[in-house]
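Chemist: Assemble the dimeric complex from its two separately framed chains, guided by the hints.
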Amino acid sequence: GENVEQHPSTLSVQEGDSAVIKCTYSDSASNYFPWYKQELGKGPQLIIDIRSNVGEKKDQRIAVTLNKTAKHFSLHITETQPEDSAVYFCAASEGWGKLQFGAGTQVVVTP
Amino acid sequence: SAVISQKPSRDICQRGTSLTIQCQVDSQVTMMFWYRQQPGQSLTLIATANQGSEATYESGFVIDKFPISRPNLTFSTLTVSNMSPEDSSIYLCSVPGLSYGYTFGSGTRLTVV
Chain Z
13 GENVEQHPST
23 LSVQEGDSAV
33 IKCTYSDSAS
43 NYFPWYKQEL
53 GKGPQLIIDI
63 RSNVGEKKDQ
73 RIAVTLNKTA
83 KHFSLHITET
93 QPEDSAVYFC
103 AASEGWGKLQ
113 FGAGTQVVVT
123 P
Chain G
11 SAVISQKPSR
21 DICQRGTSLT
31 IQCQVDSQVT
41 MMFWYRQQPG
51 QSLTLIATAN
61 QGSEATYESG
71 FVIDKFPISR
81 PNLTFSTLTV
91 SNMSPEDSSI
101 YLCSVPGLSY
111 GYTFGSGTRL
121 TVV
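Residue numbers (this note's numbering), protein chains in the order written: chain Z, 13 to 123; chain G, 11 to 123.
A few of these clues could be false.
Distance condition first, Cα-Cα at most 30 Å in a straight line; then the derived DSSO-like pairs of lysine-lysine [as the list claims (entries may be wrong)]:
{"#": "1", "chain 1": "Z", "residue 1": "K70", "chain 2": "Z", "residue 2": "K110"}
{"#": "2", "chain 1": "Z", "residue 1": "K49", "chain 2": "Z", "residue 2": "K80"}
{"#": "3", "chain 1": "Z", "residue 1": "K110", "chain 2": "G", "residue 2": "K17"}
{"#": "4", "chain 1": "Z", "residue 1": "K70", "chain 2": "G", "residue 2": "K75"}
{"#": "5", "chain 1": "Z", "residue 1": "K83", "chain 2": "Z", "residue 2": "K34"}
{"#": "6", "chain 1": "Z", "residue 1": "K49", "chain 2": "Z", "residue 2": "K83"}
{"#": "7", "chain 1": "Z", "residue 1": "K69", "chain 2": "Z", "residue 2": "K110"}
{"#": "8", "chain 1": "Z", "residue 1": "K83", "chain 2": "Z", "residue 2": "K69"}
{"#": "9", "chain 1": "Z", "residue 1": "K54", "chain 2": "G", "residue 2": "K17"}
{"#": "10", "chain 1": "Z", "residue 1": "K70", "chain 2": "Z", "residue 2": "K83"}
{"#": "11", "chain 1": "Z", "residue 1": "K80", "chain 2": "Z", "residue 2": "K110"}
{"#": "12", "chain 1": "Z", "residue 1": "K110", "chain 2": "G", "residue 2": "K75"}
{"#": "13", "chain 1": "G", "residue 1": "K17", "chain 2": "Z", "residue 2": "K49"}
{"#": "14", "chain 1": "Z", "residue 1": "K69", "chain 2": "Z", "residue 2": "K54"}
{"#": "15", "chain 1": "Z", "residue 1": "K54", "chain 2": "Z", "residue 2": "K70"}
The hints are simulated quantities; they were obtained by calculation from the structure and are not laboratory data. Note that the coordinates shown come from a computational prediction; the quantities given were computed from them, not determined experimentally.
This is chain G alone, in the form it adopts within the complex (with noise of 0.2 Å):
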């Protein structure tokens, strides 16, 4: 399966201000996906990024808040701008794997005083 480097691994932010969350894999892929764990939570997907294309938010997530780049197919970035303590959270990404699995990076876990 791939390998995923996901960085930072946290940070904390001020309100206000815009992180940008990195996402390089070992391999190439077409689809990238971005996800959102709210604490104590589950996983909610934020968008779908494809190599070439806009990224395809999910219902209650739009572009303007989370911008997404994908300017080859083994980068990803997510920012999460204008930032709250609402968006406290943590931020996945993930690659298909090999017959429909999925892997999924270490996070980053984003607090936002």
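Isolated chain Z (complex conformation) (with noise of 0.2 Å):
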């Protein structure tokens, strides 16, 4: 079955910086790729997703790439914020398949 890896499990960042989350997977028939955000207390948000068929989606300060020869693929979010402090999970399926998710990280956005 598939095996989705994330890393790192922790992230700190300052206030305006880069976060780069990155994920790898095994199963090279998945082709649907979600990150959720998940705040403490609240259930998964999902936060974009990106299919097999491109290869980099953006959405304001939240992009996500996908390498699909080396099976990873990875979120970038710019110009964090307070408020993006998080467990951010990675997850991986074919199609309308079973969600294979991540371990999660752990961001923290400082002021």
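Modeler: Below, the structure written as structure tokens:
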């Protein structure tokens, strides 16, 4: 089955700096890669996703890149703000199949 | 995307008892998913619940421990049976959205004492 590895486990950044979280996956059949943000006491919220037919997707300060050959994808947050502090999870699936999650990254943005 | 209402939001339960968690969706969905998130950990799929059929359980999860009901296309329940402290987790339901996206409920924070 699919195995998703996520790094780093914790990430501290100064407000205004960029944050990058990286994930690798094992199943070449996976074609859907979402990123979720989970704030304390809340359920995961989808913030951006990418399908295997594109290499990059942006949404304001958030971007995701995908390298199918290397089987890795990354989340980029620019101009970080304190409200970006949360746990971020990457995931992978084949179409509507089971979502396999990474272990999560605790992001702390210090003012 | 769908709006999910999950109840209860939290509970503290005695070991050996059972808790039923409810998940209500504001639109009809074929598939509903139940996840467990142990303290400080990632999300693990417990089972997939389709209306009109038995739930499909992932490896390590069994129906006797986590019975699931799916009476219609907008509602599902997950019961955590004969609880032990190891069952203390956040339990989340999830439904498919648009273009492969999945929406999650706010979760049920369960503490077993």
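Chemist: Hint by hint, note whether the structure agrees.
Modeler: Going down the list of hints, with the structure as the test:
1. Z:K70 with Z:K110: holds, 25 Å
2. Z:K49 with Z:K80: Since the Cα atoms of Z:K49 and Z:K80 sit roughly 23 Å apart, the hinted pair holds (cutoff 30 Å).
3. Z:K110 with G:K17: holds, 24 Å
4. Z:K70 with G:K75: violated, 42 Å
5. Z:K83 with Z:K34: It holds: about 11 Å lies between the C-alpha atoms, which stays within 30 Å.
6. Z:K49 with Z:K83: holds, 22 Å
7. Z:K69 with Z:K110: Distance ~22 Å between Z:K69 and Z:K110 Cα, so the pair holds.
8. Z:K83 with Z:K69: holds, 16 Å
9. Z:K54 with G:K17: holds, 13 Å
10. Z:K70 with Z:K83: holds, 19 Å
11. Z:K80 with Z:K110: holds, 19 Å
12. Z:K110 with G:K75: Within the cut-off at roughly 21 Å; holds.
13. G:K17 with Z:K49: Holds. G:K17 to Z:K49 sits at ~21 Å (cutoff 30 Å).
14. Z:K69 with Z:K54: It holds: about 25 Å lies between the C-alpha atoms, which stays within 30 Å.
15. Z:K54 with Z:K70: holds, 24 Å
Hint compliance for this structure: hint 4 alone is broken.
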